[in-house]
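A.B. asks: Since chain A is already given, all that's left is putting chain B on it; use the hints.
Read top to bottom, the protein sequences are chains A and B. The first sequence: position 289 = 289 (this note's numbering), numbered continuously. The second sequence: position 271 = 271 (this note's numbering), numbered continuously.
In short, the hints are calculated from the structure, not lab data. Treat the hints with caution; some may be incorrect.
[Said to hold, decoys possible] Which chain A residues face chain B? A few, computed with CB under 10 Å, are given here:
no., residue
1, A4
2, E133
3, K142
4, L252
5, G259
[To be verified] Counterexamples of contact, computed for chain B against chain A with all Cβ distances above 10 Å:
no., residue
6, R46
7, P61
8, G88
9, A169
10, L174
11, E187
12, R232
13, G262
14, G282
15, P283
16, G285
[Said to hold, decoys possible] Across the chosen pairs, the derived CB separations fall in these ranges:
no., chain 1, residue 1, chain 2, residue 2, range
17, A, L270, B, A103, 42 to 52 Å
18, A, L270, B, K266, 55 to 65 Å
19, B, R232, A, R181, 48 to 58 Å
Built from N, CA and C at the ideal position, the CB exists for glycine as well.
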Amino acid sequence: MADAFWIILVGALAASACGVIGCFLVLRRQAMMGDAISHGVLPGIVIAFVMTGSRNIAPMFLAAGAMGLLTAFLTDVLARRGRLQSDAAMGVTFTWLFAVGVILVTRYADAVDLDVECVLYGEILFTPFNRFEWGGFDLGPKAVWTTGAALAANAVFLTLGYPKLKLCTFDPGLAAALGVRVALWHYLLMAFTSMTTVACFESVGAVLVVAMLIAPANTAYLLTDRLSIMLAIAAVVGVISAVSGYLLAYQLDGAIAAGMTVTSGALFALAALFSPRHGVVTRAWRRVRVKTPG
Amino acid sequence: MSRILLVVPVLIAAACIASCGGAPGAADTGRPRITTTTGMIADAARNVGGDLVEVRELMGPGVDPHLYKATQGDLRRLRESDLILYNGLHLEGRMGETLEQMARRTRVVQVTDTIPEARLRRPLDMEGQYDPHVWFDVSLWRLVVERIRDALIEMDPAHREVYARNATAYLDDLDELHAYCLRRIAEIPEGRRVLITAHDAFGYFGRAYGIEILGVQGVSTAAEYGLQDITRLVDLIVSRRVKAVFVESSVPPRSIHALIEGARAKGHEVRLGGELYSDALGPAGAPEGTYAGMVRHNVDTIVEALT
Chain A
1 MADAFWIILV GALAASACGV IGCFLVLRRQ AMMGDAISHG VLPGIVIAFV MTGSRNIAPM
61 FLAAGAMGLL TAFLTDVLAR RGRLQSDAAM GVTFTWLFAV GVILVTRYAD AVDLDVECVL
121 YGEILFTPFN RFEWGGFDLG PKAVWTTGAA LAANAVFLTL GYPKLKLCTF DPGLAAALGV
181 RVALWHYLLM AFTSMTTVAC FESVGAVLVV AMLIAPANTA YLLTDRLSIM LAIAAVVGVI
241 SAVSGYLLAY QLDGAIAAGM TVTSGALFAL AALFSPRHGV VTRAWRRVRV KTPG
Chain B
1 MSRILLVVPV LIAAACIASC GGAPGAADTG RPRITTTTGM IADAARNVGG DLVEVRELMG
61 PGVDPHLYKA TQGDLRRLRE SDLILYNGLH LEGRMGETLE QMARRTRVVQ VTDTIPEARL
121 RRPLDMEGQY DPHVWFDVSL WRLVVERIRD ALIEMDPAHR EVYARNATAY LDDLDELHAY
181 CLRRIAEIPE GRRVLITAHD AFGYFGRAYG IEILGVQGVS TAAEYGLQDI TRLVDLIVSR
241 RVKAVFVESS VPPRSIHALI EGARAKGHEV RLGGELYSDA LGPAGAPEGT YAGMVRHNVD
301 TIVEALT
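Same shape as in the complex, but just chain A:
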C-alpha cells in the first residue's frame, strides 16, 4: 500500500512536471525534445566517467543536465541561424551527439558497462527503496523530492514568466516588437526542459519522460484552445495516466513505466476521437446532424 502510494506519487509528479513543460514544446513544434535530450546526454555520461573514474550518479546527473542544455542550444542555433525546420534541427543535433557518445564509449570506456540505461536512467518501481536521508532522518523516497522539485521549479517559472512565454510562443515577432527578449525566454524554457527531463530520467527512466512530455500536452491541446486551461489539463491528464498506468501494470505484472506510457497514449486516443471540437467521432456526428433535417 505504502509502496503503491510512493510509486504513483512519483509517477504523477514526474508526469505533471513534464506535462506542463510539454505544452510549450508541443506549441513550439519541439515535442520530441525529450527524446532528443535522452540521446544527446550520452557524450556527457562518458566524459563524466572518464573525468571522475566512477559511475556515481551525481557527476552523471550534472553532465547529463549540461548536455541536455547543449542539445537544446544546438537545435536552436541550427533552426535559426541554419534556417532548418525545428524537427530537422533537432534530428541532426541529437543523432550527432549520440554518435559522438558512441564513439567516445568505444574509444575510452569499451571495457566497462557504460550506457545511459545503467548509469543514469532510474526505475520508478524502486522508488520506495531509494530513500532521502538527511542528518540521520529518513525523509521519504528520494525520487519524490527530485520530481517534486522539478514540478515546483516549473510551476514557479511558468507562473512568473507566463505572459512573456505565451507571447513568445504564439507570436515571437510581436514579442520582439514589444521589447520582450525572445531569445532569453527561449533559453530559459530550454534550461527548464533540460532540468526537468534529466531529473525525471534519474527518477523514472527515459520512456516515461519522453511520453509525458508529449502525450498529455497533445491531449490537452485537443481539448481546449486556451493556454492556461491547456496547462491544467496536461497536468491532470499526466496524473490520470500515472494512476491508471500503475493499476494496469499492477494487474498485468508488467513494467510500471510502460503501463503509464500506454495509458497516456490511450487517453490521447480518446481525446482524438471524442474531443468536443476536434474529435474525429464528434465531427462526424456533427456532419450527420447537419445533413439530416430535424
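C.D. replies: Same frame as chain A, but now just chain B:
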C-alpha cells in the same frame, strides 16, 4: 482551473486503495525467502539452502541483466525477502545502488564482496571499475558460494550445520568442475585456443583456463561494435585458421554472423561453434538450467568446435 486540479489527490487515494486490496501474495510456507538477481546466484543459494529455503531469481533464463525490466511482482518479492543476494560490480546497473541502500533495512548481501581485489579483472585499469562476470572462473565462484553459505547461516543460525554440510558437498562439486574445465580446454591444440564471441563476458574464463578471448563488442551489451573490430577479427580468424566462433544466449547474434560472412569472403570457412550461456542460465529443468550444467555446456561446446 483549480477545480480541474482538485481531481489529483482524489485519484491517487483511490488508486492506492484499489491496489492494496487482495494482493496475490505468495503462499507462506514459513521457510526463509531468498531473492537473487541472477540465476547463477539463485542456483548457488538453492544448492546451499536445500529444502530449508525458498529461492527466487529476478532475472530468469535468457534475460540479459542490462536489459532487465523490473515488474510489480519483483517489488513484492524484494519486500517479502528475508535475504537478498546480488552480484554487484555494476552488473545490475543502477539497481545495484538501490540494493546497496536497502542493506540498511533488509539483509542484503553482495556475493562478490569477499573476492580479493587482486583477483578481480580491471579491464580499463581504473580504480573500482571491475569486470562483473566472475562466475566464469569456477575457482572465484567458489568464494561466492562460501559467501552465500555464511549469509545463510547468519540469517538462519539454527540450521548452521545443514548449510555448512550442503556447502561443503557443493564446493567439492565445484572443485571437480574447475578441474574438468582445465582438463577439457587443455585438449584444444595450443595454437587454436582462441574464443571469439559477441561481447567480452568471458574474460575470467580465459584467464582461468588459458584460452585467448576476443569479443566483438565491449563489456556493455549496449555498446555498438566498430567496423575495425569486425575487420580485425576477420583478419585474425583467417590468419590463425580459427575453426569456430560462438553466439551467446542473451546477446543478439548479428555481429557474429558478420564475422562468418567476412571470413567467407576471404576464402576461409569458419563455422558457428554453437550457443554459449553468458549472462543468464538456460531454461529451468534443462541441464544448462544450473550453474554447473551451464559451465559444462560452455566448455564442451567450445572444445568440440575448436578441436
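A.B. asks: Give a verdict on every hint.
C.D. replies: Hints, verified against the model:
no. : hint                        : verdict
1   : A4                          : 5 Å, holds
2   : E133                        : 9 Å, holds
3   : K142                        : 9 Å, holds
4   : L252                        : 9 Å, holds
5   : G259                        : 9 Å, holds
6   : R46                         : 23 Å, holds
7   : P61                         : 18 Å, holds
8   : G88                         : 12 Å, holds
9   : A169                        : 34 Å, holds
10  : L174                        : 26 Å, holds
11  : E187                        : 29 Å, holds
12  : R232                        : 13 Å, holds
13  : G262                        : 19 Å, holds
14  : G282                        : 23 Å, holds
15  : P283                        : 20 Å, holds
16  : G285                        : 22 Å, holds
17  : L270/A / A103/B: 42 to 52 Å : 44 Å, holds
18  : L270/A / K266/B: 55 to 65 Å : 58 Å, holds
19  : R232/B / R181/A: 48 to 58 Å : 54 Å, holds
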